[in-house]
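**Q** In order, the protein sequence lines correspond to chains Z and E.
Following the numbering used here, the numbering of the first sequence begins with 1 at its first residue and continues without gaps.
Following the numbering used here, the numbering of the second sequence begins with 1001 at its first residue and continues without gaps.
Hints are computed from structural coordinates only; laboratory data are not their basis.
Just so we're clear, the structure is a prediction, and the values are computed from it rather than from any experiment.
The beta carbon of each residue, even a glycine, is placed where N, CA and C say it ideally should be.
There may be inaccurate statements among the hints.
[As the list claims (entries may be wrong)] Computed cross-link-like contacts, DMTMM-like style, restricted to lysine to aspartate or glutamate with a CA-CA straight-line distance of at most 20 Å:
hint, chain 1, residue 1, chain 2, residue 2
1, Z, K143, E, E1251
2, Z, K256, E, E1209
3, E, K1141, Z, E251
4, Z, K159, Z, E132
5, E, K1256, Z, E212
6, E, K1143, E, E1165
7, Z, K256, E, D1064
8, Z, K256, Z, D220
9, Z, K143, E, D1220
10, E, K1141, Z, D50
11, Z, K141, E, E1209
12, Z, K141, E, D1253
13, Z, K61, Z, D50
14, E, K1256, Z, E248
15, E, K1256, E, E1209
16, E, K1143, Z, E251
17, E, K1143, Z, E165
18, Z, K256, E, D1255
19, E, K1159, E, D1064
20, E, K1256, Z, D253
21, E, K1143, Z, D220
22, Z, K141, E, D1220
23, Z, K141, Z, E155
24, Z, K143, E, E1165
25, Z, K159, Z, E149
26, Z, K159, Z, D253
27, E, K1141, Z, D220
28, Z, K256, E, D1253
[Claimed, not checked] Every beta carbon over 12 Å from chain E, so not counted as near; a handful from chain Z, in silico:
hint, residue
29, S28
30, S87
31, P115
32, K159
33, E209
34, D234
35, D253
2 protein chains.
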Amino acid sequence: MIQRLCIIGVGLIGGSLARALRSAGVVSTIVGCGRDETHLRRAVELGVIDSYETDPGQAVKGADMVMLAVPVGAMEDLYHRIMPHLSAHAAVTDAGSTKQSVLTAVRAACGFVPPYFVAGHPIAGTEQSGVEASFAELYQKRKVILTPEPDTDPEALRKVRAMWEACGATVVEMPARHHDEVLAATSHLPHLLAYSLVDTLATLDDKAEIFEFAAGGFRDFTRIASSDPQMWHDVCLHNGPALLAVLELFEQDLDKVRAAIAAGDGEYLFRVFSRAKAARDQFCLR
Amino acid sequence: MIQRLCIIGVGLIGGSLARALRSAGVVSTIVGCGRDETHLRRAVELGVIDSYETDPGQAVKGADMVMLAVPVGAMEDLYHRIMPHLSAHAAVTDAGSTKQSVLTAVRAACGFVPPYFVAGHPIAGTEQSGVEASFAELYQKRKVILTPEPDTDPEALRKVRAMWEACGATVVEMPARHHDEVLAATSHLPHLLAYSLVDTLATLDDKAEIFEFAAGGFRDFTRIASSDPQMWHDVCLHNGPALLAVLELFEQDLDKVRAAIAAGDGEYLFRVFSRAKAARDQFCLR
Chain Z
1 MIQRLCIIGV GLIGGSLARA LRSAGVVSTI VGCGRDETHL RRAVELGVID SYETDPGQAV
61 KGADMVMLAV PVGAMEDLYH RIMPHLSAHA AVTDAGSTKQ SVLTAVRAAC GFVPPYFVAG
121 HPIAGTEQSG VEASFAELYQ KRKVILTPEP DTDPEALRKV RAMWEACGAT VVEMPARHHD
181 EVLAATSHLP HLLAYSLVDT LATLDDKAEI FEFAAGGFRD FTRIASSDPQ MWHDVCLHNG
241 PALLAVLELF EQDLDKVRAA IAAGDGEYLF RVFSRAKAAR DQFCLR
Chain E
1001 MIQRLCIIGV GLIGGSLARA LRSAGVVSTI VGCGRDETHL RRAVELGVID SYETDPGQAV
1061 KGADMVMLAV PVGAMEDLYH RIMPHLSAHA AVTDAGSTKQ SVLTAVRAAC GFVPPYFVAG
1121 HPIAGTEQSG VEASFAELYQ KRKVILTPEP DTDPEALRKV RAMWEACGAT VVEMPARHHD
1181 EVLAATSHLP HLLAYSLVDT LATLDDKAEI FEFAAGGFRD FTRIASSDPQ MWHDVCLHNG
1241 PALLAVLELF EQDLDKVRAA IAAGDGEYLF RVFSRAKAAR DQFCLR
């Protein structure tokens, strides 16, 4: 049971966590924190949080669980501000899309990664943002990756794990570096490609008409381009090496596909498309 | 009213057309045609077609409307086979994803594009294939592009237009070349990128794990990579110039995004992502 949960950043991710824990009956009090008071008041009205603070230092006081659900670029400054006010018994975790950079931010703020800090990332989300888009079921049957360090306190790890499991998620652990490589491939690169493609098409002269004849496939393919630009700007800047590495592999393969089209090499195209379909169909059977 | 509709290629597209027209009560008899008799028997069982022929020449006999719903690479050979058997009063149309190449195929078979041939493309589909995936509502509120030639018979054009309107679609006309450019951007390129990305990831060593941590965004982004490889192989080979042109624009823009990540140029990334989100959100309000 979490006595006092402090969620900094009450948006889709933080708000859904609050709703899920409340719905599971495993939390007593939820304090929200953020920069926009209108938004926090709305979160109280919606019953997502019980009360709010706009100062992170005030917000974490007395909390036994602190969730940092802010864009990864905001972590270091935020950690500086909460650190002096954390309770001795608090576990602190985050929901950032990159894990090495979050650990680096915490290390920069504290001089080391404190044992009570458990870096985490729920593999869930939608292209929506904000507390209005949050819902209690977001994490059901989804994976949450935790990336504990050698010095992580087992009790803090247990508490964070139990919190996510109460939301219906499956928790797995892996090194932060490995997380960043895997997510660069399956999440960060697709977001980058979707944003880049939509921007390319939007800057073509006849954009109005181009989008007019876009169908369901395009709608699905580009859904992630409706995600929060600030969050994804942060992700790209904070997982640069892993993202650039997989982008390079992708561009090499795309060059081969382009050459095959130019050369009329149907066999090559058919082989690539068939392999991709098989992989994608298999992925969707999971 | 269509007295005798012949559909060559009774899959998702052809099957859905049959179901929609039947459901609208605007067709008397539907003859299917294809290479796989098991498949055609299933289409009869499902009530999608009334009867079938495996020989296209036999299938078109007596039909007043002929729909060629086959991959665009099969058009020329198919047209050769049906041409001698078409009724004098038949309108012939197709549902191919590329229009210049279909007109070229028909021209190659006949020496010219006959006035009764109306090239068309319903902007609708799913990543599924086959008659089992077909449904009567596929074309409702969707666009169908017709690309008539200067010599197209107005009566044939009217009949094809009326057929699609009976399915609940909105019909628009444009030159074939323009169709191919627009669709290269909004359909052919996204398919190429989705196939290529999934194939890149599938050939990474730890592919099992990579897909294991893919979330809903990845599922949507890659949905079109589950499309029929033969059909998309044909599209890429038959719309090469337009596809390569928009691919080049995309790759130029992607290079700039890559450079921005490498340089830590967050302003550039934020600008691209914000523009893309605005364009995509606007597109989805249509």
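**Q** Now tell me if each hint is right for this structure.
**A** Evaluated hints:
1. Restraint check for K143 (chain Z) and E1251 (chain E): not satisfied, since their Cα atoms lie roughly 33 Å apart, outside the 20 Å limit.
2. Of the supplied pair hints, the one linking K256 (chain Z) and E1209 (chain E) is violated, its CA atoms being roughly 25 Å apart against a limit of 20 Å.
3. For the given pair, K1141 (chain E) sits about 37 Å from E251 (chain Z) by alpha-carbon distance, which is inconsistent with the 20 Å threshold.
4. Of the supplied pair hints, the one linking K159 (chain Z) and E132 (chain Z) is violated, its CA atoms being roughly 27 Å apart against a limit of 20 Å.
5. Between K1256 (chain E) and E212 (chain Z) the alpha-carbon distance is near 27 Å, which puts this suggested pair outside the 20 Å criterion.
6. Restraint check for K1143 (chain E) and E1165 (chain E): satisfied, since their Cα atoms lie roughly 10 Å apart, inside the 20 Å limit.
7. A threshold of 20 Å between alpha carbons decides the hint, and for K256 (chain Z) with D1064 (chain E) the separation of about 45 Å lies outside it, so the pair is violated.
8. Distance hint between K256 (chain Z) and D220 (chain Z) is unfulfilled; the C-alpha atoms sit about 25 Å from each other, more than 20 Å.
9. Our distance criterion of 20 Å between C-alpha atoms is met by K143 (chain Z) and D1220 (chain E), whose separation comes to about 17 Å.
10. Under the criterion of a C-alpha separation no larger than 20 Å, the hint pairing K1141 (chain E) with D50 (chain Z) is inconsistent with the structure, at around 45 Å.
11. Distance restraint check for K141 (chain Z) and E1209 (chain E): the Cα-Cα separation of roughly 17 Å lies within the 20 Å cut-off, and the hinted pair is therefore satisfied.
12. Restraint check for K141 (chain Z) and D1253 (chain E): the C-alpha separation of about 37 Å exceeds 20 Å, so the hint is violated.
13. Note on K61 (chain Z) and D50 (chain Z): the hinted pairing holds, with a Cα-Cα distance of about 15 Å set against a maximum of 20 Å.
14. Between K1256 (chain E) and E248 (chain Z) the CA atoms are separated by roughly 13 Å; this keeps the pair inside 20 Å, and the hint holds.
15. This hinted pair does not check out: K1256 (chain E) and E1209 (chain E) have alpha carbons roughly 30 Å apart, beyond 20 Å.
16. For the hint pairing K1143 (chain E) with E251 (chain Z), the CA-to-CA distance comes to about 33 Å; that exceeds 20 Å, so the pair is violated.
17. Taking the CA atoms of K1143 (chain E) and E165 (chain Z), the gap is near 45 Å; set against the 20 Å cutoff, the hint is violated.
18. For the given pair, K256 (chain Z) sits about 16 Å from D1255 (chain E) by alpha-carbon distance, which is consistent with the 20 Å threshold.
19. Between the alpha carbons of K1159 (chain E) and D1064 (chain E) the distance comes to roughly 10 Å, so the proposed pair stays at or under 20 Å and holds.
20. Restraint check for K1256 (chain E) and D253 (chain Z): satisfied, since their Cα atoms lie roughly 18 Å apart, inside the 20 Å limit.
21. Only pairs whose Cα atoms come within 20 Å are accepted, and K1143 (chain E) paired with D220 (chain Z) is accepted, the gap being roughly 17 Å.
22. Pair hint K141 (chain Z) plus D1220 (chain E) holds up; C-alpha atoms about 18 Å apart against a cutoff of 20 Å.
23. Only pairs whose Cα atoms come within 20 Å are accepted, and K141 (chain Z) paired with E155 (chain Z) is rejected, the gap being roughly 24 Å.
24. Straight-line distance between C-alpha atoms of K143 (chain Z) and E1165 (chain E) comes to about 45 Å, which puts the hinted pair past the 20 Å bound.
25. The hinted pair formed by K159 (chain Z) and E149 (chain Z) meets the criterion: a straight-line CA distance of about 15 Å does not exceed 20 Å.
26. At most 20 Å may separate the alpha-carbon atoms for a hinted pair to count; K159 (chain Z) and D253 (chain Z) exceed this at roughly 43 Å.
27. About 18 Å separates the Cα atoms of K1141 (chain E) and D220 (chain Z), which keeps this hinted pair within 20 Å; it holds.
28. For the suggested pair K256 (chain Z) and D1253 (chain E), the alpha carbons sit about 18 Å apart, so the restraint of at most 20 Å is met.
29. Here S28 (chain Z) stays apart from chain E, with its beta-carbon at least about 30 Å from theirs, past the 12 Å limit.
30. Non-interface call for S87 (chain Z) relative to chain E: holds, since the shortest CB-CB distance, roughly 32 Å, exceeds 12 Å.
31. For P115 (chain Z), the requirement that its beta carbon stay farther than 12 Å from each beta carbon of chain E is met, with the minimum near 26 Å.
32. Chain E leaves K159 (chain Z) outside its interface by the beta-carbon criterion, the shortest separation being 23 Å against a cut-off of 12 Å.
33. Here E209 (chain Z) does not stay apart from chain E, with its beta-carbon only about 6 Å from theirs, under the 12 Å limit.
34. Look at D234 (chain Z): its CB is around 8 Å from the nearest CB on chain E, not clear of 12 Å, so calling it non-interface is violated.
35. Consistency note on D253 (chain Z): stated as away from chain E, yet its beta-carbon is not over 12 Å from all of that chain's, at 5 Å minimum.
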